[in-house]
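Residue numbers (our numbering), protein chains in the order written: chain A, 1 to 258; chain B, 1 to 258; chain C, 1 to 258; chain D, 1 to 258.
Honestly, I wouldn't trust all of these hints.
Below are the DSSO-like pairs computed for lysine-lysine, each with C-alpha atoms no more than 30 angstroms apart in a straight line [said to hold, decoys possible]:
1) 2/B - 31/B
2) 252/B - 173/A
3) 2/D - 231/D
4) 71/D - 134/D
5) 25/D - 118/D
6) 252/A - 2/B
7) 2/D - 252/C
8) 252/A - 231/B
9) 31/B - 255/A
10) 142/B - 2/A
11) 255/D - 173/C
12) 2/C - 231/D
13) 255/D - 31/C
14) 2/C - 25/D
15) 142/B - 231/C
16) 231/C - 231/B
17) 31/B - 142/B
18) 134/D - 173/C
19) 2/B - 231/B
20) 118/C - 71/C
21) 142/C - 31/C
22) 173/D - 252/C
23) 255/A - 255/B
24) 71/B - 31/A
25) 134/D - 255/C
26) 134/B - 142/C
27) 173/D - 134/A
28) 71/D - 255/C
29) 173/A - 255/B
30) 2/C - 118/D
31) 32/D - 252/D
32) 255/B - 32/A
33) 71/B - 252/A
34) 2/C - 118/C
35) 255/C - 32/D
36) 32/B - 32/A
37) 255/D - 68/D
38) 31/D - 252/C
39) 231/B - 134/B
It should be emphasised that the hints constitute simulated quantities derived from the structure, not laboratory data.
Number of protein chains: 4
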Amino acid sequence: EKNFFLIAGPCVVESEELVMEVADKVFGICKKLGIPYIFKASYRKANRTSGSSFTGLGDELGLDLVAKTGKHFHLPTTSDIHSAIEAPLAAEFVDVLQIPAFLCRQTDLLVAAAETGKIVNVKKGQFLNGPSMKFAVEKIQKAGNDKIILTERGTTFGYQDLVVDYRNIPWMKEHGVPVVMDCTHSLQQPNQTSGVTGGNPQLIGTIAKAAIATGADGLFIETHPNPAVAKSDGANMLRLDLLEGLLEQLVKLRKAVI
Amino acid sequence: EKNFFLIAGPCVVESEELVMEVADKVFGICKKLGIPYIFKASYRKANRTSGSSFTGLGDELGLDLVAKTGKHFHLPTTSDIHSAIEAPLAAEFVDVLQIPAFLCRQTDLLVAAAETGKIVNVKKGQFLNGPSMKFAVEKIQKAGNDKIILTERGTTFGYQDLVVDYRNIPWMKEHGVPVVMDCTHSLQQPNQTSGVTGGNPQLIGTIAKAAIATGADGLFIETHPNPAVAKSDGANMLRLDLLEGLLEQLVKLRKAVI
Amino acid sequence: EKNFFLIAGPCVVESEELVMEVADKVFGICKKLGIPYIFKASYRKANRTSGSSFTGLGDELGLDLVAKTGKHFHLPTTSDIHSAIEAPLAAEFVDVLQIPAFLCRQTDLLVAAAETGKIVNVKKGQFLNGPSMKFAVEKIQKAGNDKIILTERGTTFGYQDLVVDYRNIPWMKEHGVPVVMDCTHSLQQPNQTSGVTGGNPQLIGTIAKAAIATGADGLFIETHPNPAVAKSDGANMLRLDLLEGLLEQLVKLRKAVI
Amino acid sequence: EKNFFLIAGPCVVESEELVMEVADKVFGICKKLGIPYIFKASYRKANRTSGSSFTGLGDELGLDLVAKTGKHFHLPTTSDIHSAIEAPLAAEFVDVLQIPAFLCRQTDLLVAAAETGKIVNVKKGQFLNGPSMKFAVEKIQKAGNDKIILTERGTTFGYQDLVVDYRNIPWMKEHGVPVVMDCTHSLQQPNQTSGVTGGNPQLIGTIAKAAIATGADGLFIETHPNPAVAKSDGANMLRLDLLEGLLEQLVKLRKAVI
Chain A
1 EKNFFLIAGP CVVESEELVM EVADKVFGIC KKLGIPYIFK ASYRKANRTS GSSFTGLGDE
61 LGLDLVAKTG KHFHLPTTSD IHSAIEAPLA AEFVDVLQIP AFLCRQTDLL VAAAETGKIV
121 NVKKGQFLNG PSMKFAVEKI QKAGNDKIIL TERGTTFGYQ DLVVDYRNIP WMKEHGVPVV
181 MDCTHSLQQP NQTSGVTGGN PQLIGTIAKA AIATGADGLF IETHPNPAVA KSDGANMLRL
241 DLLEGLLEQL VKLRKAVI
Chain B
1 EKNFFLIAGP CVVESEELVM EVADKVFGIC KKLGIPYIFK ASYRKANRTS GSSFTGLGDE
61 LGLDLVAKTG KHFHLPTTSD IHSAIEAPLA AEFVDVLQIP AFLCRQTDLL VAAAETGKIV
121 NVKKGQFLNG PSMKFAVEKI QKAGNDKIIL TERGTTFGYQ DLVVDYRNIP WMKEHGVPVV
181 MDCTHSLQQP NQTSGVTGGN PQLIGTIAKA AIATGADGLF IETHPNPAVA KSDGANMLRL
241 DLLEGLLEQL VKLRKAVI
Chain C
1 EKNFFLIAGP CVVESEELVM EVADKVFGIC KKLGIPYIFK ASYRKANRTS GSSFTGLGDE
61 LGLDLVAKTG KHFHLPTTSD IHSAIEAPLA AEFVDVLQIP AFLCRQTDLL VAAAETGKIV
121 NVKKGQFLNG PSMKFAVEKI QKAGNDKIIL TERGTTFGYQ DLVVDYRNIP WMKEHGVPVV
181 MDCTHSLQQP NQTSGVTGGN PQLIGTIAKA AIATGADGLF IETHPNPAVA KSDGANMLRL
241 DLLEGLLEQL VKLRKAVI
Chain D
1 EKNFFLIAGP CVVESEELVM EVADKVFGIC KKLGIPYIFK ASYRKANRTS GSSFTGLGDE
61 LGLDLVAKTG KHFHLPTTSD IHSAIEAPLA AEFVDVLQIP AFLCRQTDLL VAAAETGKIV
121 NVKKGQFLNG PSMKFAVEKI QKAGNDKIIL TERGTTFGYQ DLVVDYRNIP WMKEHGVPVV
181 MDCTHSLQQP NQTSGVTGGN PQLIGTIAKA AIATGADGLF IETHPNPAVA KSDGANMLRL
241 DLLEGLLEQL VKLRKAVI
């Protein structure tokens, strides 16, 4: 009987101390609970709402810290890429290349990611349904790569809210690939007048439980020791000290599902 | 530890044979699985898309068959009402008065239902969120009745689809009342050019599992021995012979949640 | 070449002074601009979000004041009804029976309104598209009444916003009936945590201009000398002193369209 | 008093014959009607739903044909770009760089386009509202370029439909830039199971008229002598022989608005 896997970490590489602290804590919890763990941090944020928001420490430094963290804990790692030319660079440092939701239709990017031979995790666009992700899968397969993950991260629901449609879990599983629920970005509240995306972190458990119940193979959760001071997506990250309790419930739920 | 309860039956009172057959089968399954069961059938359909669709056998005959079924199996019963004057009539026959989603804002109807002293089950309008159901709860309470259930049945998502937003489960539970997931109508595909609402019955399990995982207290499932010939909502009813297998999974899931 | 017609007045019959003041002012403007005018005020508000909001002066007093206003200015009048039993009562006082959007699928109500022989103005539900309003039209026609108006009033767009889809204007005109744009309720911001629906009255001109340009036959505009103190829908009513300037622009636009 | 401007052409550079035929016809109509005209054709389609759809003749050949067409008719030209590295290349050939809606949040792309010194036309994402486009404007301005256009192209409305929210016209005009309505892509029907986006070309006039009435400064219309055989977006392009009649009506409307 298989457990779900977890993609987790801070939203962005803020500093070596932060990524090591988060990875250390999550690594320990996952080991204890038998959850395969992929360390995640973005080395660059290319699509912040506002141009004055933090975008990262610099590409190579950021990627290097992600890789270093993975090596230290013997963990696979992932980060997101935003253009075709980033693919080979990032592939030297991480095991899973993540395609952002806004970019899931960019053929060049999907093909470049595919051609690295790494696992490609495509987030479903906020404007797409699960069946349409078939075309993203096919673009990657056609480029010779069968290692594909699809991630649900909520759908546009009016301007200032997203809704998670759980029909997308079985619909995307029909494409023959593992399906992940992004519990963090699914709770975003976009288009806020402040230029800072809002959130509802108290609902992370609701989003995650429904995902496990409906058959998700993995969960994506951004976590931070103190989300209030995080440099990106603070409004939705799970407080690191709440992660263990949540994962315990989810493991129990998973056993009832499989 | 408490199990969830089930509101189930055929969509509409088609005939005595039908309601008895369905009630008998569901009664047996629920007894076996320890699920409290409320028998449901509409005695009249007042809001069919098209004026030429079947609307029922006649009010008194329909209500009488619902009550007879309840008495026969010693089951509580429920049916929906559509105007204030129907409330006292229906209250003589059923234990739970159900308020249709389109009508959940009609103060007169809520008050009339409340004043019967029966349990009032208000379906959340396709245009409302869970927090707004507070006002429906308050209208009923102010009329002197605290026996309230709230039911999620999907939200308008473009014209021809509904989406179930599971945040509504915890949001509605905050009003201090039991919350039910209507697994049948949540899968409707409205505004079809045929004038007959479509559906996705193969997703009933997905809708139900996510509901149990996120804390729903009850499930609403319309079921029919042969949905293809049903006189209303055939596109979404669960085939009666699939009910037991689904409920077994859900009971297992429920135990992992509580 | 025909001008558009106007359905206008205060949202609800607050007092004789108010309805007379509004009718007098609008009557004068419409006469000057050659706009056929139907006086509108609700005699009862049956679906307020919150049970503690103002619902009217009482049915007969409210209806009587609507009728009195119409007689005084030789104007046709309209008010909305909420259940089948109200239809014959209201029909004694007004010329156009308006069916609220939430109730546009209630067959009994449509038939009762139809049977009065009055003009029936059905507001399109926030959950319906224009083509589906065919079924409302057919229910009324089948009850022997061909005097039908359809009104667009916005569509559910996330929980706290509505969007006006102008495709509904030509789509509803295909049903062979006059189509009205409700410029007031289309700007509602529902599901506010306060229990009071919000609005965007500065956009009334935008909503109205697009409606005239796309072929709407009539406009519905609630107006009040001082929306800030209005007892219902204050957040969206047009300040009475702004009406003339807006209508002048719209008449100019109309001439360019026909 | 100023007329609106028109951005028009075939969706994609299919052949020299096609772009010349379309440009010639549209050039003649616009000259006659006093409409400033910008010739548009995509030299590459980077985000087709399906990987097997036509993507263009090759970058340099495509760009060269766009530029050649512009020179021949003394017309400004535009094409869309999909990554930062394309910006300086495309800027050698066209006058307006268009940013696709899915990419309107990609800071690198906006900055690269801005730095060419060309006019940058940003399409509003299907997941954004007009006020949020302020951040796109600011990113371009901060990169030293004030020549900005914003384009409305519809908003996600369920999975298989888009809706045009005309509030975005005044909302985007508040950013101090010209606002264009894309009458073609606003009518897309995405997420079709065929992998080919559908459409509603008979509603192009409705979309355009409402845009002019609400103050749009420009219109974007893809047109083709025979949309049925077009290699991209055929479902929404206007038949070339219908363009003149439509533009005549719109010019008349424009005069009534300004």
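Problem set entry | Violated hints, by number in ascending order, as checked against the structure | Going through the list in order, the structure violates hints 3, 4, 8, 10, 12, 14, 16, 17, 18, 19, 21, 24, 25, 26, 27, 28, 30, 33, 36, 37 and 39 and respects the others.
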